[in-house]
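Visitor: Keeping their order, the protein sequence lines are chains A and B. Counting from 1, position 20 in the first sequence corresponds to residue 20 in the numbering used here; the numbering is continuous, with no gaps. Convert by adding 123 to the 1-based position in the second sequence; the result is the number in the numbering used here.
No lab work stands behind these hints: they were computed from the structure. Fair warning: there could be bad hints in the mix.
[Said to hold, decoys possible] Where chain A lies over chain B, by a calculated footprint (3+ residues, C-beta under 8 Å):
#1 131-140
#2 347-359
[Unchecked claim] Taking lysine to any residue and the SDA-like style, the derived pairs with C-alpha atoms no more than 25 Å apart in a straight line are:
#3 A/Lys83 / B/Trp395
#4 B/Lys486 / B/Asp448
#5 A/Lys83 / B/Val166
[To be verified] Label pairs and their computed distance ranges (CB to CB):
#6 A/Gly49 / B/Arg397: 17 to 25 Å
#7 B/Pro384 / A/Ser55: 39 to 47 Å
#8 B/Gly498 / A/Gly115: 39 to 47 Å
C-beta: ideal position from N, C-alpha, C; glycine also.
Now for the letters of each chain:
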Amino acid sequence: MRYLVLLRGNQPAEQPPAELMDAIMKLGEEATQAGAMLDNAGLAPSAMGARVELSGGSLDIVDGPFTESKEYISYALYQVKSKEEAVEWARRFMHLHQEHWPAWEGESLVLKVFGPEDFAPPA
Amino acid sequence: MSADVHRSIEALWRIESGRLIAGLARVTGDVGAAEELAQDALVVALEQWPRTGVPPNPAGWLMTTAKNRAVDLARRRRTYQRKIVAVGRDLESRQHDGESGIDDALDDHIGDDLLRLIFTACHPILSMESRVALTLRCLGGLSTTQIARAFLIPEQTAAQRIVRAKRTLLRNEVAFELPTRAEMDDRLAAVMEVVYLVFNEGYTATAGESWMRPELCEEALRLARILAALVPDRPEAHGFAALLEFQASRIPARTTPSGEPILLPDQDRRLWDRLLIRRGLDSLARAERLASAPTRAGAPPAALGPYCLQAAIAACHATAVRAEDTDWQRIAALYDVLRHVWSTPVVELNRAVAVARAYGPEKGLAIVDGLVADGALGGYAQLAAVRGDLLEQLERWNEAAAAFTQAAAETRNGREREVFLDRAARLT
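Construct the entire structure; sequences and hints are all you get.
Guide: Structure follows, in structure tokens:
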């Protein structure tokens, strides 16, 4: 089964510490080599993006930034055997932030990607 | 609460067990003992953590616990090789430096240790069944129950295979080592053979009610990715990973909702997993880059191996938006190369299909008739079925009907028999 882990938080004013970025690279490498991480990337600030909204029957295109919500900072896609396994990878990822940048606040959303296992015929 | 902890421990086990066993095997020199020590640590965790909570560094905790047991074991077993006792002492002294010292000592070697573990679990001295069971147990983190369920065998049988494997390794004093340079290609091929067997058992199940068991494919794909990461300079390992990525990308399209097989030309290609196709293309590109890189001492670049070539063929299918867009000439050319590095009658039969698609049925039929004359595929239903198909395209109706009737008599699959009989009936 697949899980999408979305990191969301305040867009920091300053660069994250280099040690954090190194540790994230190392964890990403580890998760990739373990055959668990399929894909990951950092996301640019919403100022560089846009939103296409459907509201009241009309389509609106709104350019970023979106100050009212937290910024999406990165995503990672995992292939795992259970939710707990995805949570464990996300926990390790957040633990690196805790260790190297305790002042920063954010969250990792662990979202299940629908897969064949969700549509299996009842046993 | 305690059920949650159990699930968390299971998840941790899935992530850590391979490295745990690999590290312990280096210390004890015995994969069997290492696996048992790791299991012991898991049992302690399952007992303690629901009461005490999960420790802050659970992976380190498991390793330390297992290591302490290794030290005890080294102390107790006087007859053990001196080397192990020495390592035990070394560990004891390290323990004064605290947990991190041990972890660092282990981390230094972890990649090599995992690779040693893979090569040992897939050692040619073991029976194929034992290799599969030991690999899934040590590297997949699967329990005996899970292995038994995956292969539809009694749990006792799965347990016996693992016990026998450990005993064989010990009795033959198989060292926990990497193969020598001279052995490397053969040993790597042996590992891939084991992983491919696991994949194929999932892809086209030989037993049971379902035609596919995707969880076995997933497990094999994970092992193939791990292997490619451990031997990053080996083109075949990347080609192998690419082949499995491509094949797995078709899993969502390979069956009807009720579980009947859908063959490649009839699949809804929109259901193919784009991400796996992309990963397959990346791995294949990497393999081709490595294979074409100039080698030391001016030797000619290594030829693409059989897995790379099969992956290249799979890539042709993966990148054809519609079945009729398939580049059959390229596929036929790739089969022509493949038969020189991996000459089997089944490859030749597949080549016949590709040649027929690319250059017309009579060209394909010539290859098929060669195979019939050769006799190597006697009794193989697909040979007669392909022959029937080509004869039908050539409008040689009676011969085609006879070929399908023969295919129906030869197949062991009931659904397939119906299809062949039906085609024979429509021709007469």
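Visitor: Take the hints in turn and mark each one as holding or not.
Guide: Here's how the hints hold up against the structure:
Given as covered by chain A, the stretch 131-140 of chain B passes the check, having 6 residues with a CB less than 8 Å from a CB of that chain where 3 are the minimum. With 5 residues bearing a CB less than 8 Å from a CB of chain A, the stretch 347-359 of chain B meets the requirement of three and the coverage assertion stands. Restraint check: the Cα-Cα separation between A/Lys83 and B/Trp395 comes to about 24 Å, which is no more than 25 Å; the hinted pair holds. Proposed proximity of B/Lys486 and B/Asp448 is supported: the alpha carbons are some 21 Å apart, at most 25 Å.
Annotation: proposed proximity of A/Lys83 to B/Val166 holds, straight-line Cα distance about 22 Å (limit 25 Å). A hinted range of 17 to 25 Å holds for the C-beta pair A/Gly49 and B/Arg397, which are about 22 Å apart. For B/Pro384 paired with A/Ser55, a C-beta distance near 46 Å keeps the hint of 39 to 47 Å intact. A C-beta distance of roughly 45 Å is found between B/Gly498 and A/Gly115, which places it inside the suggested range of 39 to 47 Å.
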